[in-house]
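Chain residues, written in single-letter form:
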Amino acid sequence: MARKSHVQTTINGETVEFLCESRQSLLEVLRDELYLTGAKEGCNNGNCGACSVILDGRLVNSCLVLGVETEGKSVETIEGLADPDKLHPIQDAFLENAALQCGICTPGFIMSAKALLDSNPNPTEHEIRYWLAGNLCRCTGYDKIVKAVMDAAKETSA
Amino acid sequence: MEKFSYVNATSLEQVTSLLSESGWGEVMLIAGGTDLLAELKEYIETPKTLVNLKTLPGMDSIEVDASGLKIGALATVADIAMHPTIQHHYTVLSQAAGSVATPQIRNVGTLGGNLCQRPRCWYYRDESTDCLKKGGDICYAVDGLSKYHAILGGDPVYIVHPSDLAPALIALGASIKIVGPAGEKTMSLEEFFTLPAANPFRENVLEPNEIVVEVSVPVPKPNTKSFYLKAREKGAPDFALSSVAGVFEMDGKTCKTASIVLGGVAPAPWRSKEAEAAVTGKMIDESVSQQAGADAVKDAEPLNDNMYKVTLTRNLVSRAAMMAAS
Ligand SMILES: Cc1cc2nc3c(=O)[nH]c(=O)nc-3n(C[C@@H](O)[C@@H](O)[C@H](O)COP(=O)(O)OP(=O)(O)OC[C@H]3O[C@@H](n4cnc5c(N)ncnc54)[C@H](O)[C@@H]3O)c2cc1C
Ligand code: SF4
Ligand code: FES
Ligand code: FES
Chain V
1 MARKSHVQTT INGETVEFLC ESRQSLLEVL RDELYLTGAK EGCNNGNCGA CSVILDGRLV
61 NSCLVLGVET EGKSVETIEG LADPDKLHPI QDAFLENAAL QCGICTPGFI MSAKALLDSN
121 PNPTEHEIRY WLAGNLCRCT GYDKIVKAVM DAAKETSA
Chain C
1 MEKFSYVNAT SLEQVTSLLS ESGWGEVMLI AGGTDLLAEL KEYIETPKTL VNLKTLPGMD
61 SIEVDASGLK IGALATVADI AMHPTIQHHY TVLSQAAGSV ATPQIRNVGT LGGNLCQRPR
121 CWYYRDESTD CLKKGGDICY AVDGLSKYHA ILGGDPVYIV HPSDLAPALI ALGASIKIVG
181 PAGEKTMSLE EFFTLPAANP FRENVLEPNE IVVEVSVPVP KPNTKSFYLK AREKGAPDFA
241 LSSVAGVFEM DGKTCKTASI VLGGVAPAPW RSKEAEAAVT GKMIDESVSQ QAGADAVKDA
301 EPLNDNMYKV TLTRNLVSRA AMMAAS
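For the protein sequence lines, the chains are V and C, in the order given. Going by my numbering, the first sequence opens with residue 1, and the numbers climb by one from there. Going by my numbering, the second sequence opens with residue 1, and the numbers climb by one from there.
No lab work stands behind these hints: they were computed from the structure. These numbers come from a predicted model, not from an experiment. It is possible that some hints are incorrect.
As the list claims (entries may be wrong) - Mimicking DSS-like on lysine-lysine, the simulated pairs with C-alpha atoms at most 30 Å apart in a straight line are:
#1 Lys221(C) x Lys73(V)
#2 Lys73(V) x Lys41(C)
#3 Lys70(C) x Lys73(V)
#4 Lys54(C) x Lys134(C)
#5 Lys147(C) x Lys41(C)
#6 Lys4(V) x Lys70(C)
#7 Lys73(V) x Lys282(C)
#8 Lys48(C) x Lys177(C)
#9 Lys4(V) x Lys48(C)
#10 Lys70(C) x Lys134(C)
#11 Lys185(C) x Lys147(V)
#12 Lys41(C) x Lys234(C)
#13 Lys177(C) x Lys221(C)
#14 Lys234(C) x Lys144(V)
#15 Lys70(C) x Lys177(C)
#16 Lys225(C) x Lys256(C)
#17 Lys298(C) x Lys225(C)
#18 Lys73(V) x Lys86(V)
#19 Lys234(C) x Lys4(V)
#20 Lys134(C) x Lys225(C)
#21 Lys4(V) x Lys147(C)
#22 Lys48(C) x Lys73(V)
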């Protein structure tokens, strides 16, 4: 046992192969094996959402998914969001609204906002608060984040 | 986490035969992993092999027919919460599912894992504490910190069962299908869960070589109102301090039959026969609903720090009864 597994997956649209131990989380694989350090480790147990990524179209905590479980799947991380010369509208809206201070929660919030807007392009403020409830922020007090997502929704659904 | 080998499940026979190779803990099942991985990270469990159930075909379906619902053990909590038929006709279940954890966890966490999840007691989750549940001598909650512990059915282990889906499903009269090496069996979900007086180490009757495969829910009677009320410490995702799953068959303001199952207050989902008796056959008004609340907690035995749960539970039950009549 404990031989490393070979995993092939798609990350931000590109086919990626990596070797990992079965006990490594997707978060560890992203950060330590693939050097995609956008997803952050906060609690490492599902409470904070700093590690949020989109797996086969569903928002997940990458700290609670094993790397080996991504075989044949598709992962979206914060690194895949912007075009080379243009930020994603959610990223722009976060800057415009000063929706971050220290910034450690920001990649997770933006991925959660993306998952929400992908399935519901015009959410109400109440819906935004419900669907972003898996992400914690210790700095902003949340209002500016909610405002940013409302602005981004206007932008992307216009 | 300790190292383990990881096997994708291909059939129920393969899963039960892998499980049969050892007793508890050597070979373990992983569904969504949202509970299990936390246990592995804290070295509460140190399996040699994990069997990934998500590769079992067809076990994540939600089927609706004239007899009711059939939900596969691998259906996610999110799929249960968002299912249109469940929202309309099994409201208590969709409300309970929508109250579980966070969007991220509901997207991954499964029905089977929700029912089989382990206690959240902070002594249990602490690697260095060998409490009664883990084979030690005492339940530390009795003289220790007991804010989130049981007020009913505790002795000798005062965990509360953390599942939100279980009270809702029991209130709806659900049954559970289990497969073991000898074949399959079905029992009522209420009988699936056990109290610590019967077995302090486990929360249900599942044997180490068995797997939960499906939960069935009968169609609610006409004129049924059902809802899930859940009190949390904060206005954000959290486990229940106390919750009430209520299913009321009504005739105007008169209650013909009632199922009232409490969560967050006992080591197993707690059917309150007392509260049910207080409303059944009665026209529900303020005084009947208050009686139901008082009766629900009349046998409560709070520990040092959880007296508040008695009041909270009493008021939640009263509120549920009033909602049935409104
Ligand atoms: C931050 C956080 C908040 C949470 N809040 C809530 C909440 O508010 N309400 C709530 O109800 N839950 C809550 N949970 C618990 C959450 O883990 C469950 O809701 C989830 O449904 C578990 O499902 P899973 O598939 O991820 O389980 P897993 O982690 O895969 O499994 C849990 C256990 O069940 C066993 N198991 C899984 N499937 C089967 C099967 N088919 N047959 C036999 N055994 C099986 C596993 O071996 C393991 O021991 C929370 C969890 C976290 C991390
Ligand atoms: S409540 Fe259960 S898990 Fe917690 S200390 Fe007591 S025996 Fe251990
Ligand atoms: S690091 Fe994954 S939820 Fe906090
Ligand atoms: S900006 Fe600091 S935690 Fe959110």
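ask   = Between Lys4(V) and Lys147(C), does the CA-CA distance stay at or below 30 Å?
value = Roughly 43 Å between the alpha carbons, so the hint for Lys4(V) and Lys147(C) is violated.
ask   = Is it true that the CA of Lys70(C) sits at most 30 Å from the CA of Lys177(C)?
value = The hint holds at about 10 Å.
query = Straight-line Cα separation of Lys177(C) and Lys221(C) no greater than 30 Å?
reply = holds (23 Å)
request  = Sort out whether Lys4(V) lies within 30 Å of Lys234(C), counting only the CA atoms.
outcome  = violated (42 Å)
request  = Measure nothing beyond the straight line between the CA atoms of Lys41(C) and Lys234(C); if it is 30 Å or shorter, mark the hint as holding.
outcome  = Satisfied, since the Cα-Cα distance of roughly 26 Å is no more than 30 Å.
Agreement of Lys48(C) and Lys73(V) with the hint, judged by alpha carbon distance not exceeding 30 Å = At roughly 26 Å apart (the allowed maximum being 30 Å), Lys73(V) and Lys48(C) satisfy the hint.
ask   = Between Lys54(C) and Lys134(C), is the straight-line Cα distance small enough, at 30 Å or below?
value = Cα-Cα ~28 Å, so holds.
ask   = Between Lys73(V) and Lys282(C), is the straight-line Cα distance small enough, at 30 Å or below?
value = violated (55 Å)
ask   = Taking only the CA atoms, is the gap from Lys234(C) to Lys144(V) under or equal to 30 Å?
value = holds (21 Å)
query = If you draw a straight line from the CA of Lys73(V) to the CA of Lys86(V), is it 30 Å or shorter?
reply = Holds, because 27 Å separates the two Cα atoms, which is no more than 30 Å.
task = Quickly compare the C-alpha distance for Lys73(V) and Lys41(C) to 30 Å and report which way the hint goes.
result = holds (24 Å)
query = Is the straight-line distance between the alpha-carbon of Lys70(C) and that of Lys73(V) 30 Å or less?
reply = Holds, because 28 Å separates the two Cα atoms, which is no more than 30 Å.
The earlier numbered hints that this structure contradicts are 1, 6, 7, 10, 11, 19, 20, 21.
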